[in-house]
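Those protein sequence lines, which keep their order, are chains A and B.
Note that our numbering has the first sequence beginning at 200, numbered continuously upward.
Note that our numbering has the second sequence beginning at -12, numbered continuously upward.
You may find that some hints are simply not true.
[Said to hold, decoys possible] Computed from the model, here is a short list of chain B residues facing chain A with C-beta under 8 Å: (1) Gly175; (2) Asp176; (3) Asp180; (4) Gly239; (5) Trp261; (6) Pro263; (7) Asn264; (8) Tyr265; (9) Ile266; (10) His268; (11) Gln489; (12) Asn493; (13) Pro497.
FYI, nobody ran anything at the bench for these hints, they're computed from the structure.
From the three backbone atoms N, C-alpha and C, an ideal C-beta is built for every residue, glycine too.
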Amino acid sequence: MTRWRLRNCPFDSRYSSPLWLWMTVLIVTCAALSGSDYVDHSKLSAQLRQFADQHPQTVHLTPLAQSTGHRDLWLVELGVGSEDERKSRPALLLVAGIEGNDLTGSAVALAFVERLANSADQDPVVRDLLRQNTVYVLPRVNPDAAESYFLRPRQERAGTSTPTDNDHDGLTDEDGPEDLNGDGLITSMRVADPDGEYVPDPNEPRLLLRAEKARGDKAVWKLLTEGIDNDRDEQWNEDPPGGVNLNRNFPYRYAYFDHHSGLHPVSEIESRALADFFVRRPNIAIVFTYGMADNLIQTPKSEPGGKRPPTAIQEADEPYYKELGKVYREAVGLNKELTGASEPGTFSDWVYFHRGRFSLAAKAWSPWMQIEIDKARAGADRDGKTNRLDTAKDSNPKGTNQVSTPVPTQGPGETAKAVKDGPGGSADKRGESEREILKWFDTHAPEAYLPWKVFPHPDLTNRTVEIGGWAPFALTTAPTNTLDAICEKQIRFLTNLVGRLPRIALRQPKITPLGNGLFELKLQIENVGYLPTALAQGTLTREVLRTRVVLGMDERRILAGRKTTFLGPIAGSGGMEEVRYVIRSPGPCSIEVVSALGGSARQTIEFKEEQ
Amino acid sequence: MNRKRILSAILWTGWLGMISAQEAGRLPASGNPASHAYSALGLPATRKVDVEWNRFYDHAGLGTILEKLHRAFPDLTRLYSVGKSVEGRDLWCLEVTAFKVGNCQRKPGMYIDGNIHGNEVQAGEVVAYTAWYLCHQYRQLAKVTDLLDRCVLYLVPTINPDGRDRWFHEAQTPHSSRSGLRPVDDDGDGRADEDDVDDLDGDGSIVQMRIRDPNGRWKPHPQFPDYFMVRAAPDEKGEYTLLGWEGLDNDGDGEVNEDPAGGYDMNRNWAWDWQPNYIQHGAMEYPFSLPETRALSEFIVSHPNIAAAQSYHNAGGMILRGPGREGGIIQPQDESVMQFIASRGEKMLPYYRSMVIWKDLYTVWGGEVDWLYGARGVVPYTTELWTSRNANRRADGEGRDEEVTFLQHVLLEEGLVQWHAFDHPTYGKVELGGTKKNWGRTPPSFLLEEECHRNMAFTLYHAEQMPRLAIPEIRLEKLDERLYKAWITVANDRVIPTRLEQDVRNHISPPDTVTVTGDQLKVLASGIVIDRFASRVTPSKRRPERLEIDAIPGMDVIRTQFLLSGSGTMRVAVDSAHGGIVTAERVLP
């Protein structure tokens, strides 16, 4: 008879309930945020350094690169152990500030780092999780553009500091805006011009509607950015300083010859640093990117696999997107799907379509989303229910529960389209979503919209020129008094996400003696995490290496089966794959299971002939 | 009798000795044959830099040739590194133009590279030969003088020096060492480049392995058993199983040669119609992710005067142009220019064919010439050097008879490794044999020089077709006191327009301009003459003194009109990114 012995079983079955539930409970119970504000690059750097100093075991800070404007592009790694150890564990990557005007996402990322580091200090279970997983955070991928929020005049931009020739005249950045009225903000100018494109909104004289010739609209206003025509080409501010939007600079659905997208995919220092970092960390299973692209407030459409190049996510991957979309909307307090879509050349699409990873994307905040959240809460209150998820401290949503018309959830540029597609389409309906937003700001942050004031423009002496409109960053950056609540909700989701990583485990090997010193060895490799060890897209792209089982023993003793066996994807939540061998005793045998995204498991067994 | 014989032998020997002493005195004078040479057409008999063009040079060898040329022809060359390879080798560029004539930064430029695939070695010699020829023929041949006075050539003989040197200095097949040398985990086992081919018998060649096998499906060619293996007929028993290239299972995973050095394709890493690895094998992670392609793209972007390009590969005898994929963009006007220039090349290169990549060869995503055309608006070709049609002298195909005759009698069996036994650790008793790495894709020594010259000639023709601008006519008409109408004709008497349609449509380079200035004059209005007989003119919108033109088409003129007031000298300047600058002056009557 034979006896076998089990050594070094690393899998700890302590977490019998799904990991994401544990994580959410642990982290959300940590001290709530207060008084969050947006920070410039030097403050951001100082805070990150402070976290790294305070938590040397768990927080590791390195600059990935220097931006075009010579600012450090910080990488924060949360994980216990050496870099090599952290590189071999299941990992989540959080990317924020890749679009320069994403100050809110950047603030969330910073708060998330702080929260995770503090929780790890206070709770051994969280520290243990950071021993088994790695969390990478890039809090601000485009630090140059974010800095424009803190400068005077404040001018919103999403691009890098790379000089570009937006108007194809052979000159770069030669006609940027100017703060003509000296209010410290670059806003808009409306110029009285029958050849313009806008008419006043009859329901809200501060807002403009696009003139529609078919409706008989006669244009009244031309809308320009505040400034003069520096290069005297009769175009105003058509070639401002900067830049390439890093989140349009990746190869999937890349838009050529669009000045926001750069000279070619991954043309910029910052996008290249991000891409190279991502390639060097094949353990990253989940990526979450803050920016204009979204696949959480609305689950993206799928298509059957095999289309090359693909135009939508694979059918087999859709349920995971759907589930996490639900989790996200619940976390932020939305009670329905809104309209969300990706953009050409985004980082998140490269991650899914070309690198085969689970890639989520959303705006950390938008006024449209905020209004819907407020409505959802008002609805819940009215129904007498208390929404468990909306107990977090939030701004006062008063006065936003009277609107019953469904509104488009996208920016003002899409308003006209949404209305055109809608039923009725009377003059009153146009611009409804922007009016609603303006009303929200009037209540919560009235400084977001500046009244139109006549200004004697030096270039346009014969025309009425008024300066005013949306303040820079108003529509993309949450008012600071709402920031704590946003961070809480987003952290709730991010924390949940950390618990969704795949995780490989090796069940107790089954050894059956076949007689005469031969044994059948049966290995069962389980995925105790949530996500599969590879999405369908990960398998298709072959960028997620197959899980391999390697026996460490004299090859001649393996009479059936192979020394290295590659496994197909293993579903999460307990999915299992089995490998069988015929082994000749005696001698030890080490077993190593390595999953690209699900970590690894090791064990040593011994086949012994019973006397 | 005996003594007589001995005596006569002595006498004979002595006489013979005297003869040889006299013969020694009558040997040709020692010296340099080069100083007794007469030029064969193609090159002057005396050369400042001696290079033999009947062998291949490694990266250092090509570098040395460029360095010698640069020292010998300092007014015609600049030598610099465009960037570094994965292993740190320089991408040497020899810039060739008449530096003392004109502004070399504004001359129409042609970018010429070779050897993007490490094993496609003779591309390097063709580019280096071009440099060598141009330097020696400047001021000897009017065509070369004119070309170097007017244009600038950027010559990069090898853009994959790592792959090249590996092919030179290690045992390889004709097809291996195509990749660069960034390690890639081809078999997905977590290790990179751990199981390459192996020179089992240490003869410097990687050849085929075969094993005798009563169930095998291969047999030696019945007529030429030493040269070819052929498949047995479906109803016939074979004799051998083929086991692939010479090699071991280095990593003990049960597979032989499954993770060789590198494992990608630098010609799939360019940022136009790029697709990832699973759609286009070898593309790597993103466009220009490799140091070589990155450096070259930056070099090309920073030289907006580049209007034409050539990228030498081997093999097959093809003049290839894009698009690389079905449905890829090529504007019809641009296609006709490219088709025409290639058709000239077909005539200059026997057995070469003009082809479109996706249609006539195979699909290529992210290829170099597609980027050059699509993203940069340049006229590029990929020439696949060498075809065995040239050895066999058969345009219709590759006849076995001719091939064997060539191998057996012309090459005296030099390219062959005869089948010989080897005891393989995994397979047991096998046989090794086949052709050496310098057979099949590269020409033999005596055809290499021809290959270099003819291909250079096509590329120089291509360079010559870059736009050449002139102001052939300025017609001045006095309309009133101090009011003039000037008709300025701008001509391009070459085939390539100043801006391809792809360029105009996508604003790749700035528009061409015609600028009129004068100290005592003012431009009141300007426009483009669209009908010279009916005097129909499209007026410009703004800045009349700086008239923008989309492009000056090939073999054509653009007529412009300027309405001027004032007097004195009128200065005209035509400025085109690809066509350079031409100027003229007239005094207003």
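Status of each hint after checking the structure:
Taking 8 Å as the C-beta contact cut-off toward chain A, the hint placing Gly175 of chain B at the interface holds, the least distance being around 4 Å. The closest approach between the C-beta of Asp176 of chain B and any C-beta of chain A is roughly 6 Å, which is under the 8 Å cut-off, so the hint is satisfied. The restraint placing Asp180 of chain B at the interface with chain A is violated, with a minimum CB-CB distance near 15 Å, outside the 8 Å limit. Look at Gly239 of chain B: its Cβ gets to within about 7 Å of chain A, closer than 8 Å, so that hint holds up.
Evaluation of the Trp261 of chain B hint against chain A yields a held restraint, the C-beta minimum of about 6 Å falling below 8 Å. For Pro263 of chain B, the suggested interface contact is upheld, since its CB lies about 4 Å from the closest CB of chain A, less than 8 Å. Taking 8 Å as the C-beta contact cut-off toward chain A, the hint placing Asn264 of chain B at the interface holds, the least distance being around 7 Å. The interface hint given for Tyr265 of chain B is met, as the beta carbon of that residue sits about 5 Å from the closest beta carbon of chain A, less than 8 Å.
Because the closest C-beta pair between Ile266 of chain B and chain A is about 5 Å apart, less than 8 Å, the hint holds. Below 8 Å, beta-carbon pairs count as interface contacts, and His268 of chain B has none with chain A, the closest being about 10 Å; its hint is therefore violated. Below 8 Å, beta-carbon pairs count as interface contacts, and Gln489 of chain B has none with chain A, the closest being about 10 Å; its hint is therefore violated. Look at Asn493 of chain B: its Cβ gets to within about 4 Å of chain A, closer than 8 Å, so that hint holds up.
The beta carbon of Pro497 of chain B comes within 4 Å of a beta carbon in chain A, closer than 8 Å, and the hint placing it at the interface holds.
In summary, the numbered hints that this structure violates are 3, 10 and 11.
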